[in-house]
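> The primary structure of each chain is shown beneath.
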Amino acid sequence: MSHHIVEVKDLRHSYPDGTEALRGVSFTIHHGESVAVIGANGAGKSTLLLHLNGYLPPTAGEVRIGDTPVVRTTLNEVRRTVGMVFQDPDDQLFMPTVGEDVAFGPLNLGLPPGEVERRVEESLARVGAGHLRDKPPYRLSGGEKKRAAIATVLSMSPDILVMDEPTAGLDPFARRQLMGLLREFRHTKIFTSHDLDMVLELCERTIVLKEGLVAADGPPREIFRNAELLAACHLEPPFSMQGCPVCGNKGCQR
Amino acid sequence: MHMADALISPAVGAVLWTATAGTIACCARKVRQNLDERKVPLMGVLGAFVFAAQMINFTIPGTGSSGHLGGGLLLAVLLGPHAAFLTIASVLVVQALFFADGGLLALGCNIFNLGFFPAFIAYPLVYRAIAPAGSSQGRRTAASLAAAVAGLQLGAFSVVLETVVSGISALPFSSFVLLMQPIHLAIGIVEGLVTAAVVGFMAKAHPEIIGAAPRSVRGDVGFRQVVVSLLAVATIIAGVVSWCASGKPDGLEWAIASVAGKGELKSPTDGVHGGLATLQNKIAFFPEYSFPKPAGQGAKEAAALRDAPAEGEGRLGTSVSGIVGGGLTLAVAFLIGFLLRRRVAS
Amino acid sequence: MAHIETALRDLNRLDLLAGGDSAIHRLDPRAKVLVTLVYIVSVVSFGRYEVSGLIPFAIFPLVMVAVSGLPPGIVVRKLLVVLPFAALVGLFNPLFDREPLLSFGSLAVSGGWVSFVSIILRAALTVGGAVVLVAVTGFAGVCRALQRFGVPRAFVVQLLFLYRYIFVLGDEGIRMSRARELRSFAGRGMGLRAYGSLLGSLLLRTWDRAERIHMAMLSRGFQGEFHARRESSFGRREMAFTAGWCFLFMLLRFVNVPRLIGVLVTGVFR
Chain S
1 MSHHIVEVKD LRHSYPDGTE ALRGVSFTIH HGESVAVIGA NGAGKSTLLL HLNGYLPPTA
61 GEVRIGDTPV VRTTLNEVRR TVGMVFQDPD DQLFMPTVGE DVAFGPLNLG LPPGEVERRV
121 EESLARVGAG HLRDKPPYRL SGGEKKRAAI ATVLSMSPDI LVMDEPTAGL DPFARRQLMG
181 LLREFRHTKI FTSHDLDMVL ELCERTIVLK EGLVAADGPP REIFRNAELL AACHLEPPFS
241 MQGCPVCGNK GCQR
Chain L
1 MHMADALISP AVGAVLWTAT AGTIACCARK VRQNLDERKV PLMGVLGAFV FAAQMINFTI
61 PGTGSSGHLG GGLLLAVLLG PHAAFLTIAS VLVVQALFFA DGGLLALGCN IFNLGFFPAF
121 IAYPLVYRAI APAGSSQGRR TAASLAAAVA GLQLGAFSVV LETVVSGISA LPFSSFVLLM
181 QPIHLAIGIV EGLVTAAVVG FMAKAHPEII GAAPRSVRGD VGFRQVVVSL LAVATIIAGV
241 VSWCASGKPD GLEWAIASVA GKGELKSPTD GVHGGLATLQ NKIAFFPEYS FPKPAGQGAK
301 EAAALRDAPA EGEGRLGTSV SGIVGGGLTL AVAFLIGFLL RRRVAS
Chain R
1 MAHIETALRD LNRLDLLAGG DSAIHRLDPR AKVLVTLVYI VSVVSFGRYE VSGLIPFAIF
61 PLVMVAVSGL PPGIVVRKLL VVLPFAALVG LFNPLFDREP LLSFGSLAVS GGWVSFVSII
121 LRAALTVGGA VVLVAVTGFA GVCRALQRFG VPRAFVVQLL FLYRYIFVLG DEGIRMSRAR
181 ELRSFAGRGM GLRAYGSLLG SLLLRTWDRA ERIHMAMLSR GFQGEFHARR ESSFGRREMA
241 FTAGWCFLFM LLRFVNVPRL IGVLVTGVFR
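Protein chains in written order, with full-length UniProt numbering: chain S, 1 to 254; chain L, 1 to 346; chain R, 1 to 270.
Don't read these hints as lab results, they were simulated from the structure.
By construction, the Cβ of each residue, glycine as well, lies at the ideal position given by its N, Cα and C atoms.
Certain hints may be false.
[To be verified] With beta-carbon atoms standing in for the labels, derived distance ranges:
(1) R/Val76 to S/Asn41: 46 to 56 Å
(2) L/Glu208 to S/Asn41: 21 to 31 Å
(3) R/Arg178 to S/Ala168: 18 to 28 Å
(4) S/Gly128 to R/Leu91: 53 to 63 Å
(5) L/Arg29 to S/Pro69: 33 to 43 Å
(6) S/Pro172 to L/Thr18: 50 to 60 Å
(7) S/Thr74 to L/Arg38: 13 to 23 Å
Based on the sequences and whatever the hints tell you, model everything.
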């Protein structure tokens, strides 16, 4: 199915101050894949994500969502297909109540009121946040905010979910809850994360960025076993693959 | 300084509400037309920034006391006049509703005093004149100082005018001016220094921000508009001043006296009302102070009672009836407008 | 600093109260905004020396607090914060206005003192009315009402955005300020230069946040237009609420009830 492919071809981006954030990134993501983009701070992860829904225009190269090239004229279509969940939910929840925030996207799509209502209810139920509907965002806990932020994107029924650091700043319980939720989604998923244990559990593919280039692309378990690569990219294997500091067991480096 | 509801008359409140509402409508249109929609969240968070900034203070050199940012001029430098005015207005609305700084009726005065002068006078006429785009930090400091002082002096003078015209406070014009202007000179200097420091920091860290705002607004500041609206406001204020100060009874006064007279005639027969009033009479601070003359009866008495405070006010040449009339017309206008609107809607 | 921190806390508390559920909370915000405006205009429309006529107006905040189940403490606290300022300004009146206006036996009271009391009363009533309005309506409710009264959409959106990010940026401001204070000794480091760059960094972060919010809006199809959903309606209950209060305010405005009783009572003894 070529319909929901994300195709990035020789993508380059330089910021106005001259920083080269991306220096020729290429990859293809197939329908239903769950892909993690990892790399050190400043490797270009966030810049890459911002190209996927056309917020940043490429300096050179191309991004295609399905058969649609991401250019100025296709932004509406692309943004409906690609749902973006930002790292800080405070940036994403800006309406007075959670319910209104979830309705923001569908209303912008010009859907009729009944349909908007149905989508709001459905998306909130999907993330287990139906009871938060009338609450203002600043009254939510970190985990609740994250789930509400995901609902605001789900309500637009995107085909591709893009998330920047979904587990950052969550307590272990909220993180576990969120991971359970993400596992259920049948969307094509693209994450950036420093939470490599989550990557190991949720993703079947990992793209490692280093200084604006793809340093590796493959199954997470393989990549996390490549100590040389990880060291060069300022990364470490996930805790579950490291030796146990108490009993000295070698961990699951099978 | 924020004006408080307790110190203004409805007439003054209404005039400045009108002026402010007009300016807001004009700015809202301008912002929609001219500025990209990127400014929508920017204005919002910059408003919140002003609150956050006021939480942080610094030691004023040489005095040991502490000061903080007011923010009007800084917003104008960052956003340009129209967006800045809306942002300042929104900050003041929140202050009025939640922090009881000022009040709802005084909101018009406060937005005008603290928003109009920095955004439409101090920034375009003073700041930009001294420091056009691409100026040195020295020039920017001088411009910030001059503009902040100018804005606050005008604002303070406006507070004085509004208070004196309202006639609730007994402070004579001259003493009030002598009190307010020097205090606001000091506040203005501090505000100017702070604005210069922040603008300087931004110019170093993010030169395109300080450079960008003026470029996008230079074409649409509309000096003629500013001058025209200023003139209009001045005319209205002058009109109200003369209206209030004329001391002549006018049609409104008559109308009110007769309405009041009827009310007074009717009420004593109302048992519940009477009982309530007895209770209130007991807790009143000065239940009898308005008894300068032997009680007459009916409408004549009402008129006499109404005149009692007016006599006191006569010394200052302010007509109570004018103020009452203003308030009444405003209330009635609101009510009628609302009923009509509802009828249209249904 | 203490002032704003407490103010933020109060704001938080008021906001929580607005989430309550009572007959008054459920009214359309427009009715409450309108009544409060009429109330404030009625209160301030009295002459400078009015005292007795103002007193019956306390009925509005009192009844609202009673019916909506607000804790009276929050209104009282707010009054305690504001009244000293009113007193400070009002204190000039006894200084400048010394002509005796009324007397109790041999004790003459100057016009200044009467108007001083009047200012305090006005402040208490207007602030009380406004606090009650916010506590039973909530800021978003007030904004909705403003919009339906014809306030430009751009300004309403601005108000809502500002309010949303007060909490976020307020926390940021408090954290930065705390971090500086912990490292400044004997007042050093509290000067203008450190202040300038501190505020500058806060401003930069604010700026970046605005960009991120904008991204989040764009990625959900924002095209410069906010779409509203109409929820509440101005029905019969709202009509009765508005008309009833406005009628009462007019009545109290033009019939000085305490004075009337005074007339009657002294008339009997004459």
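> Decide, hint by hint, whether the structure agrees.
Against the structure, the hints:
Distance hint check for R/Val76 and S/Asn41: the Cβ-Cβ separation is about 51 Å, which falls inside the suggested range of 46 to 56 Å. For the pair L/Glu208 and S/Asn41, the supplied restraint of 21 to 31 Å holds, since their beta-carbon distance comes to about 24 Å. The hinted window of 18 to 28 Å between R/Arg178 and S/Ala168 holds, with their beta carbons roughly 23 Å apart. In this structure the hint that S/Gly128 and R/Leu91 lie 53 to 63 Å apart at CB holds, the actual value being about 58 Å.
At about 37 Å, the beta-carbon gap between L/Arg29 and S/Pro69 stays in the expected band of 33 to 43 Å. Restraint check, S/Pro172 to L/Thr18: a C-beta distance of roughly 58 Å satisfies the suggested window 50 to 60 Å. Separation of S/Thr74 from L/Arg38 is about 20 Å and conforms to the stated range, judged on CB atoms against 13 to 23 Å.
Violated hints: none; the structure is consistent with every hint.
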